[in-house]
Each structure stands twice: as structure tokens, then as C-alpha cells.
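Read off the chains here:
Protein chains: 2
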Amino acid sequence: MEKLKKYVSVEDEDHFYHQGAVELLIFNFLLILTILTIWLFKNHRFRFLHETGGAMLYGLVMGLIIRYVTKSPDVESGTVYECEKLKSGPTTLLINITNQVYEYQYKREISQHNVNGHQGNTMLQKQMTFDPSIFFNILLPPIIFHAGYSLKKRHFFRNLGSILTYAFLGTAISCIVIGLIMYGFVKAMVHIGQLKQWEFHFTDCLFFGSLMSATDPVTVLAIFHELNVDTDLYTLLFGESVLNDAVAIVLTHSISIYSPKENPNAFDAAAFFQSVGNFLGIFAGSFAMGSSYAVVTALLTKFTKLCEFPMLETGLFFLLSWSAFLSAEAAGLTGIVAVLFCGVTQAHYTYNNLSADSKMRTKQLFEFMNFLAENVIFCYMGLALFTFQNHIFNPLFIFGALVAVFVARASNIYPLSFLLNLGRKQKIPRTFQHMMMFSGLRGAVAFALAIRDTDSQPKQMMFTTALLMVFFTVWVFGGGTTPMLTWLQIRVGVDPDEDLKTRAASQSAPNMDKNTTKAESAWLFRIWYGFDHNNIYVPDQEDFLEDRLFFF
Amino acid sequence: MEKLKKYVSVEDEDHFYHQGAVELLIFNFLLILTILTIWLFKNHRFRFLHETGGAMLYGLVMGLIIRYVTKSPDVESGTVYECEKLKSGPTTLLINITNQVYEYQYKREISQHNVNGHQGNTMLQKQMTFDPSIFFNILLPPIIFHAGYSLKKRHFFRNLGSILTYAFLGTAISCIVIGLIMYGFVKAMVHIGQLKQWEFHFTDCLFFGSLMSATDPVTVLAIFHELNVDTDLYTLLFGESVLNDAVAIVLTHSISIYSPKENPNAFDAAAFFQSVGNFLGIFAGSFAMGSSYAVVTALLTKFTKLCEFPMLETGLFFLLSWSAFLSAEAAGLTGIVAVLFCGVTQAHYTYNNLSADSKMRTKQLFEFMNFLAENVIFCYMGLALFTFQNHIFNPLFIFGALVAVFVARASNIYPLSFLLNLGRKQKIPRTFQHMMMFSGLRGAVAFALAIRDTDSQPKQMMFTTALLMVFFTVWVFGGGTTPMLTWLQIRVGVDPDEDLKTRAASQSAPNMDKNTTKAESAWLFRIWYGFDHNNIYVPDQEDFLEDRLFFF
Numbered sequence: 004m005e006k007l008k009k010y011v012s013v014e015d016e017d018h019f020y021h022q023g024a025v026e027l028l029i030f031n032f033l034l035i036l037t038i039l040t041i042w043l044f045k046n047h048r049f050r051f052l053h054e055t056g057g058a059m060l061y062g063l064v065m066g067l068i069i070r071y072v073t074k075s076p077d078v079e080s081g082t083v084y085e086c087e088k089l090k091s092g093p094t095t096l097l098i099n100i101t102n103q104v105y106e107y108q109y110k111r112e113i114s115q116h117n118v119n120g121h122q123g124n125t126m127l128q129k130q131m132t133f134d135p136s137i138f139f140n141i142l143l144p145p146i147i148f149h150a151g152y153s154l155k156k157r158h159f160f161r162n163l164g165s166i167l168t169y170a171f172l173g174t175a176i177s178c179i180v181i182g183l184i185m186y187g188f189v190k191a192m193v194h195i196g197q198l199k200q201w202e203f204h205f206t207d208c209l210f211f212g213s214l215m216s217a218t219d220p221v222t223v224l225a226i227f228h229e230l231n232v233d234t235d236l237y238t239l240l241f242g243e244s245v246l247n248d249a250v251a252i253v254l255t256h257s258i259s260i261y262s263p264k265e266n267p268n269a270f271d272a273a274a275f276f277q278s279v280g281n282f283l284g285i286f287a288g289s290f291a292m293g294s295s296y297a298v299v300t301a302l303l304t305k306f307t308k309l310c311e312f313p314m315l316e317t318g319l320f321f322l323l324s325w326s327a328f329l330s331a332e333a334a335g336l337t338g339i340v341a342v343l344f345c346g347v348t349q350a351h352y353t354y355n356n357l358s359a360d361s362k363m364r365t366k367q368l369f370e371f372m373n374f375l376a377e378n379v380i381f382c383y384m385g386l387a388l389f390t391f392q393n394h395i396f397n398p399l400f401i402f403g404a405l406v407a408v409f410v411a412r413a414s415n416i417y418p419l420s421f422l423l424n425l426g427r428k429q430k431i432p433r434t435f436q437h438m439m440m441f442s443g444l445r446g447a448v449a450f451a452l453a454i455r456d457t458d459s460q461p462k463q464m465m466f467t468t469a470l471l472m473v474f475f476t477v478w479v480f481g482g483g484t485t486p487m488l489t490w491l492q493i494r495v496g497v498d499p500d501e502d503l504k505t506r507a508a509s510q511s512a513p514n515m516d517k518n519t520t521k522a523e524s525a526w527l528f529r530i531w532y533g534f535d536h537n538n539i540y541v542p543d544q545e546d547f548l549e550d551r552l553f554f555f
Numbered sequence: 004m005e006k007l008k009k010y011v012s013v014e015d016e017d018h019f020y021h022q023g024a025v026e027l028l029i030f031n032f033l034l035i036l037t038i039l040t041i042w043l044f045k046n047h048r049f050r051f052l053h054e055t056g057g058a059m060l061y062g063l064v065m066g067l068i069i070r071y072v073t074k075s076p077d078v079e080s081g082t083v084y085e086c087e088k089l090k091s092g093p094t095t096l097l098i099n100i101t102n103q104v105y106e107y108q109y110k111r112e113i114s115q116h117n118v119n120g121h122q123g124n125t126m127l128q129k130q131m132t133f134d135p136s137i138f139f140n141i142l143l144p145p146i147i148f149h150a151g152y153s154l155k156k157r158h159f160f161r162n163l164g165s166i167l168t169y170a171f172l173g174t175a176i177s178c179i180v181i182g183l184i185m186y187g188f189v190k191a192m193v194h195i196g197q198l199k200q201w202e203f204h205f206t207d208c209l210f211f212g213s214l215m216s217a218t219d220p221v222t223v224l225a226i227f228h229e230l231n232v233d234t235d236l237y238t239l240l241f242g243e244s245v246l247n248d249a250v251a252i253v254l255t256h257s258i259s260i261y262s263p264k265e266n267p268n269a270f271d272a273a274a275f276f277q278s279v280g281n282f283l284g285i286f287a288g289s290f291a292m293g294s295s296y297a298v299v300t301a302l303l304t305k306f307t308k309l310c311e312f313p314m315l316e317t318g319l320f321f322l323l324s325w326s327a328f329l330s331a332e333a334a335g336l337t338g339i340v341a342v343l344f345c346g347v348t349q350a351h352y353t354y355n356n357l358s359a360d361s362k363m364r365t366k367q368l369f370e371f372m373n374f375l376a377e378n379v380i381f382c383y384m385g386l387a388l389f390t391f392q393n394h395i396f397n398p399l400f401i402f403g404a405l406v407a408v409f410v411a412r413a414s415n416i417y418p419l420s421f422l423l424n425l426g427r428k429q430k431i432p433r434t435f436q437h438m439m440m441f442s443g444l445r446g447a448v449a450f451a452l453a454i455r456d457t458d459s460q461p462k463q464m465m466f467t468t469a470l471l472m473v474f475f476t477v478w479v480f481g482g483g484t485t486p487m488l489t490w491l492q493i494r495v496g497v498d499p500d501e502d503l504k505t506r507a508a509s510q511s512a513p514n515m516d517k518n519t520t521k522a523e524s525a526w527l528f529r530i531w532y533g534f535d536h537n538n539i540y541v542p543d544q545e546d547f548l549e550d551r552l553f554f555f
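Respectively, the protein sequence lines represent chains H and G.
Per this note's numbering, residue 4 is the first one in the first sequence, and the count goes up by one each step.
Per this note's numbering, residue 4 is the first one in the second sequence, and the count goes up by one each step.
A portion of the hints provided could be inaccurate.
All copies of an identical chain are treated as equivalent in the list; a pair is satisfied when it fits inside any one copy or across any two copies.
[What the hints assert, rightly or not] When the alpha-carbon atoms are kept at most 27 Å apart in a straight line, the in silico DSS-like pairs for lysine-lysine are as follows:
#1 K366 with K308
#2 K428 with K366
#3 K190 with K155
#4 K45 with K366
#5 K156 with K462
#6 K308 with K428
#7 K305 with K428
#8 K366 with K190
#9 K430 with K190
#10 K305 with K462
FYI, nobody ran anything at the bench for these hints, they're computed from the structure.
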């Protein structure tokens, strides 16, 4: 008897596992379709649908099929059991069922209305939903690391001041503006009876603001890259989107750890400074964690001469970069931010110590991981629209979000550009500002932040809205990039290296003395350079000085 | 009140997640240490400890630390709850605890003695044990695919007949011999009262025989590669170990699906033919699945001219190869076998259609995945010796396994070599036979097969024994490879391509007519060649004919 049951349970497990294989196969199939479609589009120079848009479209179609074509789930799985002895949900549950002990692992809390209302749909929900933590721990890190690692150092440092302004100040402005506008809409919805007062607090609105502030112009940047759009514009947009993800993630985290403690409606001065303090602490800690792992990698690759064995070198590089992420998470900091700055520092220091073979290996490895992860996320977003069970579509809230996102983007780009132009020698032209305004797409990070918590009804409404905003911005603005570039008459076909050289030459010719003085006065960079030179790597001197010269 | 509880549960989840990060960090740390050690050894040309041996050693030390240094787990987690309403363990359990519904996922069945005997150790067990399916679904596929993909075609086909004989016939012999010897030992143990009669059936012994028949001479092959040992010996050993994994996996599967159905002690003729039938069906199905995915990849890369976009090409290659694995698993076949033949076929067909960039990308990608996965597995094996909770060390059984493994290896290599030498023009010398006998190391596949099922006491005893056999063979035989090569006076420093050419020249010079006749009579290969040429790819004619000529 006992024997028999064991085989039954093994078969159950097999069934469970086969289902997993089928799910992964569906994803593989969608990704293969996406790749073939991208090829078709690229081959015909058709730029209205980017690969991410295509992935989303296929995901959507597959979601529709899964939802309406597959047979309805079995009834049994919706049953709720009572356990009087337990006081709270432990992470591991040992249950004695007819004299056999089974181990169960905690998965999540289910809100009551979910169980009673949609009984029987649990199966579908289980069928096609990842654990949200997969986004944060597996799919996002390679994307963010790749962004940091592939950063074009020279152009980045040349515009660093502006990029930091947009990323920090701009994201904060965007978060607050979205929060305020959404709070207005929520108040109005309460007034007309669409929402209950207690459901939506100001901190929830700020939370929504912070998650919707993570821009992801992957579609736009891909087209910029293909058309060789003006390097300054490319760098500003790329740099902003990279750092802005980090800021938005830490901001969301600071707001969410603040909210439960006190009265959530009174967001007073003390609370504000506490959030700012949290933000700065977590950001600085993650930054330090990420860059110190990269410095360790640089030192190891410098002193061990590991470059004779490219495989070991690549392995070490990969593991130490991943460790930066894990250490930050284990220490309660933000892994994504750590991995971003780890990528930037690896590119600055370690890259120069690597063998030619490892340079290519690491670049290609992270490029490939980025490609796969990005397409999986966009594919999954398409799938989620029909397979996620707890969508709450609220037209007014969605309309409010649309308005808020655009007002927030405008009050980020235009005022900050004006302020920056006061100080910049090379002004940011109006057309660039319009293009940056237009490129405020939402993507992987906003989605990942929204799916992290879908327990309560406000959070579910936010998730649905965020998902729709991603669809809308990727398809409409992503598709409109090429026409917009033509309309704004932004120059394309620029060779980035040539551009830099000619500009540097034309700048240094008339005011040679001024430049020399500036270089000599930049003592901080001289110390930095001296430190790098003596301790971490031997940079190409010309290269380095050029970086530093163009700091602002 | 409800609010408060929710935040508590979020914190629980955070804690749970942080622990996951710490676990992964420990693994990363071990792998980084391993890489640095390997570098040190390679730098000093110290060949007694291979990287896999080093990884195992570090895992062992870390396992000791985790076991004896970390603080004892909390008491709560060992409590077993009763649920009278349930009749069997469902995959998803919804439990109502103080008016809040929690979802729990089925993890595994725990044998009774485990819960009562080692109460409180559950925490440790959870702390450092992967889900065994991770080995089969994540770590093993890249290793096996890489083995197929990196196969040196020419040398492989030249020795195909011998390799197939060792892999199929040899593994079957090994399985049966180990099974019989172990059955003898088990009978003896029952006689002296160390075991109860009913615990260990003949099918269990055969199961142990099949899993211990998977050889993994990764250590030996790495040294062969480094020293450029005779190509024929390298190819024989490499080819045997690659195919033999596939045979052992399918064999284990056929035996395990046979055993529950009938009286497990009577392994009669009908049962034998049923097992052989299962084996052939699963093997042929998996082979067909794997190679057809590779042919699809070849056709797609031929007709789409995807080679203009190396990233898309690499992505497609990766996804289709992975799909071969998943489809086989979803269809109830053996994914590992499918992925092996997929790799072989990809190397034969698709590789020729890829762009130069993709050729390198795919090679390096799979090489890297293989490197990481292999070291993770060996590291984990070291860790498992101290952290796995249900070890059953039975000295007599372990001694029996040691004897059985060596007798089985001898009755595989020597008789089959004798038979093969009757037909081979290029005989397998005595020294090669001794070296092959010596290279019967056990590794990742044997371990993965053993850890798959550790529910019952016999299975736990088998797992412990298999683990110790891996340790013993990898350290003792792996470390003894270089002295053994010197002792047997096997030639080293051979350039494989040169070797092939000179031998082909010396062979074709005296008996030109014979060779031409042989080539003309090989009509099957001419058809194959014509088909490949017209439909799938344009092979280098000379290359192709050479492969076929050396079929036996």
C-alpha cells in the first residue's frame, strides 16, 4: 500500500515536471518566432516594430490562446483547507496525510476575494505565471549589468553632469508629479464613488509615481544605434535611462519600507527626510558594494595574470559580478543598483586588464544574456495581459496615469534642460529636448517593480495600469521614433568616434590655453588618474585625460 | 490587524529571499576559490588535482563548516501538522490560517524515520540542498550538449564502430555485472543480518548497476588534452564516455519504470525484453527528437541568411537546441539524450551554415556554460557529503560497490577490445586498454541519477555509495593519470590534425586500390552525402569523404 502510493506521487511529480517543460517550450517557441520576425523586419528595413514590440505582440496572442482555447482547469485545486493549530504561515509546512509526511513550501498569500471569487482559475494562474522574484533576480540583473558594461565611457563622462541631473532630480520630479496627479484622480474617483476612501493612500500614489518613473527607451535606442543618430542625444538618453532605473528602484524601495510604519496618509516633513535618508543610504551602499567587487576583479586580473586562461578569466569576471548583486541583496541593499555600478566600474578598470579573448567573450556573453532576458520579459508582458488573473481595469485610473506620465516627463525634461543649458557650453537644442520628451517609454523595470507586489486591490490596479502604459508607449512611441526623427530634423549617420575627434579639435584650436588651464585645475582627476595608474590598471593616458577633460 | 500581518509576511518572504542570496553567494565564493586554485595549479603545471577535484575539495570543506559551525536551527520547523481531510498530497495546497489563505507548493515526501529521528535538522537540509531536478534540467543539459557539439567529427567517425560497441554493449555488460555482484553482496549482508530481506530487490541492484555505469573521465580527458595524448585513445575514451552517459540514463529510466509494476524480485525473460524494448524506444525517440531539431536549425540558418545578424543566429541556435531538450522531456523521452544528439547534429550540419561570428559565439557560449555547470556540480558533490541529511554509510555495501565497479569495467574493456581488435585494421594496443580501464571515473551523471530518488532507505544507501565512488575515482584515478601515462609509455605531444594526415597518407600509399574500392562500395554514405549536399548544407567534400572512409 505504501509502495503503491509512492509511485503515484512520483507520477504526480512527473506530471508536474512535464507541465514545466511545456511552459518553457511555449516561451521558447514565442522567442523563436520573435527572432524570425525580427530578422524579417531587419531584412526589409522595416522600423515600425522593434523586436521588443514583436515579442509583446506574440506574447499577447499566445496569452489569448491559453486563456480561451485551453480546457478549463480541474475543480480540486481550488479547495481551501483549515488548519486550526497554525497561527501564522511558516515557510516550510510538514503535513501528515494518511500517515505519510509531505513537505510543502510557502509560495504566497492569497487574498480572500481571490479564492472565493475566481475559484477554479488558480490552475490557469499557476500555469503561466513566473514567480515575480524571477524578474528581479534572474532576468533584470544581466540587462542592467550589460547597460553599465556597454556604456560608451567617453561620451558618458562628457555629459555626466547633465545625465546625473536628469537621472536624480528628473526622476524625483517625475515621481512626485505622478504621485500628486494620481492622488488628484484618486480623490476624484472617491468623490464619484468609484473607489473607497481607505483603499488608496498618498503613499500608494507616490509608490506608483516612483515605479512609473523608470524609463526604458530600449526601442528608441536600438533605432538610434541603427541610424547613428547624434552621439550627444544618444548618450544623454542612454545615460539617463540607465541611472534612472537605479534611482526608480531605490525610490520605490524607500517608499515601500516607509509606508507601513506610520499613518500612511500623513506624508509629513519628517517622513520625507526619512525617505530621503533611506534613499541615500541604500543608493550609496549599493554603489559602494558594486564598485568594490569590480575593483577586486580588476586587482585580481591585474596581479594573477589570469589572462593566459581566458575561460578562467571570464568565469571569474562573471562570478564576481554576480556576487556583487547577491551581496547587495543579502545585505538588504539593492542588487540591481550594485550590478549597474559594478558593470560601469568593470568596463572602466577590469576591461583593460583582460586578454583580447576575454574582452570579446565577456562582451558577447552579456550581450547575449541581455538579448534573451529582454525578449523574455517583453514576451511575458504580452502573455500577462490575458493570463494574469487579478487584473483590475479602471478606465479613469488608466487615463489619469496617461496624463500624469506625460506631464511628469515634461516637467522633468524641459525645466531641467533649461537649467542645464545655463551652464553647458554645448547647449541641448530644443529638438533634442522634444526627442527626449518623446522617448519616455516605460518597460522592463516598471513592469518588474509593479509585479513585485500584487496582493492588495490598489496594487493590482497599479499593475494593470503599468502594464497598459508599457504596451502603449512601446508600440506608439517606439513605432513613431523614425518619423519623429525626420520631423524634428535630427541628424543621423554620425560616426561617434569621428564626431568626438572633430569636435575636440575644433574646441581646442581657438582656446588652447583655457583647456590646458582647465586640465591642470582638475586636480581631483589627476589624483584619481594617478591612483588608477599605480594600483588598478594601466590606462591609455590620452584616453583617460580626454574622459576627464569632458567631465562637464 | 490584517494590515500588520501582511507586512510581517512580506518580511518573512524577504528573509526567505535573503537566505537564497546567501546560499548562492556561498556557491559563488566556492567557485571563485576554485578558479583561483586552478589558475595556481595550471601556472605551476601541477597536474595531480584537476579543477573538478579542487571544486569537490572546497565543497567538502564548506560542507564541514556549514555542518559544524553554523548555529543549530530553530525548533519550530520540525513540527508536523495533521490534516484529516486530505487523502493524498496535492501539488498546491491552500490553507486557511486565522482567516488568511496561504498557498503552499508541494516539495517532496518525507519518510517517517526522517522526521522523527532527525527532528530539527530540516533547516540544515533545506539550507543547502538544491532541488535534484536542477541537475537534470539546468546543469546537465549544457554539459552534455557541449560534449556533442565539441566532438571532433573526423576522429569520432573513424572510430565509430568501436565507440558504439563500448558505449552500448559495454555499458550493458557493466550494468549487469555490477547488478549481479551487488546482489551477491546484498544477499551476504542479509545473511549476516545487516539488511532486511525485503529492503533490497534484484531490480534495485540493477538500478544501481545502471547508474554506476555512467563514466565521466572529465579529469582524464582534460589532462589528455593538455598533454596532447594519442588521438585515437582520446577519441575512444571521449566518444565512449559521451554515448555511455546517454545509454546509462536511458537504462536507469527503463529499469525504474519497469520495477514498480510487477514482482520486483522475479526479473524474468519477459521483463528483460520489456526493458530492452523500453530502452530501444526511448533511445530511438530521443535520438530522433534531438537530431530533427538540429536539422530544423540547419535548414533555417541555410534559407534565412540569418548570418547577417549573429546575435539573432546565436539566439535561434540556443533556443532550438534547448527546445530539443524540452520537447523530449515533454514527450516523456529523455531530454539529455536528445540534447546530446542535437549537439552532434548541430556540429555536423548547422555549424557550417553559421557566420564566422556565430561559430565562435556558440562555441564559446557552450564552453562557458559547460565550465560553470561542471564546477557547480563537483562543488555541490563536495558539499553534499556533509550537508545531505539522509546518508546511510554501509561499509560492506561500499566495499562491494568498489569491487563491482572495477570488475565491471574490466569485463567491459578487455573482452570488447579483444573482439574489436579482430575486426580493426588499427588495433587497440594493450597499453590503451589498460589506460581505458584506469579511466573509468564516475562523475556528474552518476551523481545526478543517484540524487534523483533518495526517498527510500536502499536509495539513500545507493546515493551515499555513489557519492563516495565519485570522490574516490576522481581523486585517486584523476590524480594518477599523469604517472599512469608515463608508466604505460603512451605517447604524448601529438598534433591531432598532423597525425590524421600522415596516417591517411601512409595507409593510402600501399593499398590505393583497396581504399578506392571501399569508398565506392560505401553507397549508403554516397546517398547521405548527396542528401546533405543538396538539402541541408554544402560540406567540404574532401572533409566529408574522409569522415565516411574511416567509418570503421
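Original post:
Is the C-alpha distance from K156 to K462 at most 27 Å within one copy, between copies, in both cases, or in neither?
Top reply: Neither. Shortest intra-copy (39 Å) and inter-copy (57 Å) distances fail the 27 Å Cα cut-off.
Original post:
Is the C-alpha distance from K430 to K190 at most 27 Å within one copy, between copies, in both cases, or in neither?
Top reply: So K430 and K190 fail the 27 Å test inside a copy (41 Å) and across (89 Å) alike.
Subject >> Within, between, both or neither: K308, K428 at alpha-carbon 27 Å >> reply: neither (43 Å within a copy, 47 Å between copies)
Original post:
From the Cα coordinates, with 27 Å as the cut-off, is the pair K305 and K428 best called within, between, both, or neither?
Top reply: Result: close neither inside a copy nor across copies, 38 Å intra and 52 Å inter.
Original post:
27 Å Cα cut-off: does K428 pair with K366 within a copy, between copies, both or neither?
Top reply: Close neither inside one copy (34 Å) nor across copies (48 Å); limit 27 Å.
Original post:
For the identical chains here, do K366 and K190 meet the 27 Å Cα criterion within one copy, between copies, both, or neither?
Top reply: Neither way: K366 and K190 sit 50 Å apart in one copy and 59 Å across, limit 27 Å.
Subject >> Intra- versus inter-copy proximity for K462 and K305 (alpha-carbon distance at most 27 Å) >> reply: The answer is neither: 48 Å in one copy and 48 Å across copies each exceed 27 Å.
Subject >> K45 and K366: within-copy, between-copy, both or neither at 27 Å Cα >> reply: both (23 Å within a copy, 25 Å between copies)
Original post:
Under a CA distance limit of 27 Å, which applies to K366 and K308: within one copy, between copies, both, or neither?
Top reply: Both: 20 Å inside a chain and 24 Å across chains, each within 27 Å.
Original post:
For K190 vs K155, is the C-alpha pair at or below 27 Å within one copy, between two copies, both, or neither?
Top reply: neither (45 Å within a copy, 71 Å between copies)
The structure fails to meet hints 2, 3, 5, 6, 7, 8, 9, 10 from the earlier list, while all remaining hints are met.
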